[in-house]
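Working from the sequences, and respecting the hints, build out all of it.
Protein chains: 2
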Amino acid sequence: MIKMKKALGAKVVGNICPVWLVATYDKNDKPNLLNVGACGWANGKPPCVQVSIRDIRYSHSAIVERKAFTVNIPSDDQWKEADYAGIASGRDADKFKDLGFTPVKSDLVDAPMILECPVNFECRLIGSIELGYNTLFIGEVLDVKVDEHVIDEELGPDIRLIKPMVYWANWGWKGNSYHSIGSELGKVYTQKTKPQR
Amino acid sequence: MIKMKKALGAKVVGNICPVWLVATYDKNDKPNLLNVGACGWANGKPPCVQVSIRDIRYSHSAIVERKAFTVNIPSDDQWKEADYAGIASGRDADKFKDLGFTPVKSDLVDAPMILECPVNFECRLIGSIELGYNTLFIGEVLDVKVDEHVIDEELGPDIRLIKPMVYWANWGWKGNSYHSIGSELGKVYTQKTKPQR
Numbered sequence: 001m002i003k004m005k006k007a008l009g010a011k012v013v014g015n016i017c018p019v020w021l022v023a024t025y026d027k028n029d030k031p032n033l034l035n036v037g038a039c040g041w042a043n044g045k046p047p048c049v050q051v052s053i054r055d056i057r058y059s060h061s062a063i064v065e066r067k068a069f070t071v072n073i074p075s076d077d078q079w080k081e082a083d084y085a086g087i088a089s090g091r092d093a094d095k096f097k098d099l100g101f102t103p104v105k106s107d108l109v110d111a112p113m114i115l116e117c118p119v120n121f122e123c124r125l126i127g128s129i130e131l132g133y134n135t136l137f138i139g140e141v142l143d144v145k146v147d148e149h150v151i152d153e154e155l156g157p158d159i160r161l162i163k164p165m166v167y168w169a170n171w172g173w174k175g176n177s178y179h180s181i182g183s184e185l186g187k188v189y190t191q192k193t194k195p196q197r
Numbered sequence: 001m002i003k004m005k006k007a008l009g010a011k012v013v014g015n016i017c018p019v020w021l022v023a024t025y026d027k028n029d030k031p032n033l034l035n036v037g038a039c040g041w042a043n044g045k046p047p048c049v050q051v052s053i054r055d056i057r058y059s060h061s062a063i064v065e066r067k068a069f070t071v072n073i074p075s076d077d078q079w080k081e082a083d084y085a086g087i088a089s090g091r092d093a094d095k096f097k098d099l100g101f102t103p104v105k106s107d108l109v110d111a112p113m114i115l116e117c118p119v120n121f122e123c124r125l126i127g128s129i130e131l132g133y134n135t136l137f138i139g140e141v142l143d144v145k146v147d148e149h150v151i152d153e154e155l156g157p158d159i160r161l162i163k164p165m166v167y168w169a170n171w172g173w174k175g176n177s178y179h180s181i182g183s184e185l186g187k188v189y190t191q192k193t194k195p196q197r
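Line by line, the protein sequences give chains S and A. At position 13 of the first sequence (counting the first as 1) the number is 13 in the working numbering, and the numbers step up by one without a gap. At position 17 of the second sequence (counting the first as 1) the number is 17 in the working numbering, and the numbers step up by one without a gap.
The set of hints was computed from the structure by calculation and includes no laboratory data. Some hints here could point you the wrong way.
Some residues of chain S that are not near chain A, with every Cβ distance over 10 Å (derived) [claimed, not checked]:
| no. | residue |
| --- | --- |
| 1 | 25 |
| 2 | 27 |
| 3 | 65 |
| 4 | 66 |
| 5 | 90 |
| 6 | 91 |
| 7 | 105 |
| 8 | 110 |
| 9 | 147 |
| 10 | 149 |
| 11 | 170 |
Straight-line C-alpha distance at most 30 Å; calculated DSBU-like pairs for lysine-lysine [claimed, not checked]:
| no. | chain 1 | residue 1 | chain 2 | residue 2 |
| --- | --- | --- | --- | --- |
| 12 | S | 80 | A | 80 |
| 13 | A | 80 | S | 5 |
| 14 | S | 187 | A | 45 |
| 15 | S | 192 | A | 30 |
Beta carbons are placed, not taken as given, at the ideal position from N, Cα and C, and that holds for glycine.
Now the structure itself:
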C-alpha cells in the first residue's frame, strides 16, 4: 500500500498539548490565571518549562514584570474552568474568584499557586524568545507541589489520580477539544532492542 | 477540607508530554530519528514547535548543521518503536531500518519525514536557547502532512484515527509510561461565562 499524505499548509493542526493554567500577580498584586495553548516541558537539568503567551494577554506583562509564574495542572473534571480561563481576561475579570479557586502565595517565586489544582510548578523566569505575536517564556521549576491524596506510596504522583488532560489543537476545523488521558500502553525505557513485529 | 500539598523538589515529575519523533539527516545524509522527552507547540503565527535535545545526542548536531528537522507523530500502537527510538543512538544504529520506517525527503526542509507516522511537521530551525545540558530548538512549521485515511471530511485530522499518545514523566519513581488519549471532555472556547458548579 502506498500511503497518501495530504498537505494541510502551515497551520496548528494535528497536535496535542498538555492543559496548563499559568498563574501570576498583576501590578496591583491581584492573582490571575491563564489557560495557555502552547506550552510544555523544556529541560531536565535544571527542570524547565516553556509557556508561550501572546503579547496582548494580561498575563504577559505580569510575567515580564514579576519574572515569575506558576504552572498549575488541572484535573480533567476541571476542563470547564480551564476553558473559561482561556477566554476571560484578568484585565476586567477576577478569574480566581469566578472559578472558586484559592490563590496560595509561593514562598519561592513571586506568583500564586492554584490550591485546587493537584500539581503546581513554581517557576522563575530565566529566558524568553520572541516569536511573532507570542513570547516563549522559559521558567526554571524551583519546586513541584503535589496534593498528598494523589501520591501513591510506590508510584509517586499517580497519573490515574491526578487525571491531567490534553488540548487537541486543530485550528481551521471543528475538532478543537479537551481529552482525558487513556490507558497505559507500556513503560518508558523498556525497548532496548528493536521491537519484533 | 484543607488540602495538604507535598513538596517534591526541583524535579521532572507529574508532567505529560506529547510523544514526538524528530527526524534529521546526519552529515553523511543518513536519516535518523529520536524520541524527544521535552517538546511541544510553541507558537500560533507563524506556527512553531519546540524540541529540547541534549547536546550529546546524535540528532543535536544534525539539527545545528542542517538547520532543519521534522516532527513525526506516531500512533499509540507504535509506542514500542517510539521507546526504542529514544534509547538507541544514530551514531551506531540505523533506527529507520531497525524500525521498518521509510524516510521520505521533505521538499521544503533538509530533513526526512517518517512515512509510517500519520502526521508530519516540516520544520525550519529559526532559533534556540541553551538550557544547561539541553538546547531548546525552535522550528517554524512550513507544512503539515497528514495521512489521507486519518482525515475526516468534517473534522479534519481526526484524533480518534491518528491516536497520538503522551509520555508521563515522573522521574525518581516507577511510573514513567506511555498513555493513549482518552475520551473527549468538551469543546474548546465554549465556556464563555463562569462555569456553574
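Hint by hint, here is what the structure shows:
No Cβ of chain A comes within 10 Å of the Cβ of residue 25/S; the nearest lies about 19 Å off, and the non-interface call holds. For residue 27/S, the non-interface assignment is confirmed: its Cβ lies about 24 Å from the closest Cβ of chain A, beyond the 10 Å cut-off. Once the 10 Å rule is applied to beta carbons, residue 65/S is consistent with being away from chain A; the minimum gap is 21 Å. Chain A leaves residue 66/S outside its interface by the beta-carbon criterion, the shortest separation being 19 Å against a cut-off of 10 Å.
Interface exclusion of residue 90/S from chain A stands, the closest Cβ pair being 14 Å apart, more than 10 Å. Residue placement check: residue 91/S keeps its beta carbon more than 10 Å from all beta carbons of chain A (closest about 16 Å). Every CB of chain A lies more than 10 Å from the CB of residue 105/S, the least distance being 13 Å, so the non-interface label holds. In this structure residue 110/S is separated from chain A by more than 10 Å, as the shortest Cβ-Cβ distance comes to about 17 Å.
With a least CB separation of 6 Å from chain A, residue 147/S falls inside the 10 Å interface cut-off, contrary to its annotation. Distance check on residue 149/S: its Cβ comes as close as 8 Å (rounded) to a Cβ of chain A, failing to clear the 10 Å threshold; non-interface status is violated. A cut-off of 10 Å between C-beta atoms contradicts the statement that residue 170/S is not in contact with chain A; the least separation is 6 Å. A C-alpha spacing of about 34 Å is found between residue 80/S and residue 80/A, which places the hinted pair above 30 Å, so the restraint is violated.
Pair hint residue 80/A plus residue 5/S holds up; C-alpha atoms about 23 Å apart against a cutoff of 30 Å. Distance restraint check for residue 187/S and residue 45/A: the Cα-Cα separation of roughly 35 Å exceeds the 30 Å cut-off, and the hinted pair is therefore not satisfied. Between residue 192/S and residue 30/A, the direct Cα distance comes to roughly 21 Å. Compliance with the 30 Å bound is thereby established for this hinted pair.
Against the hints set out earlier in the document, violations occur for numbers 9, 10, 11, 12 and 14.
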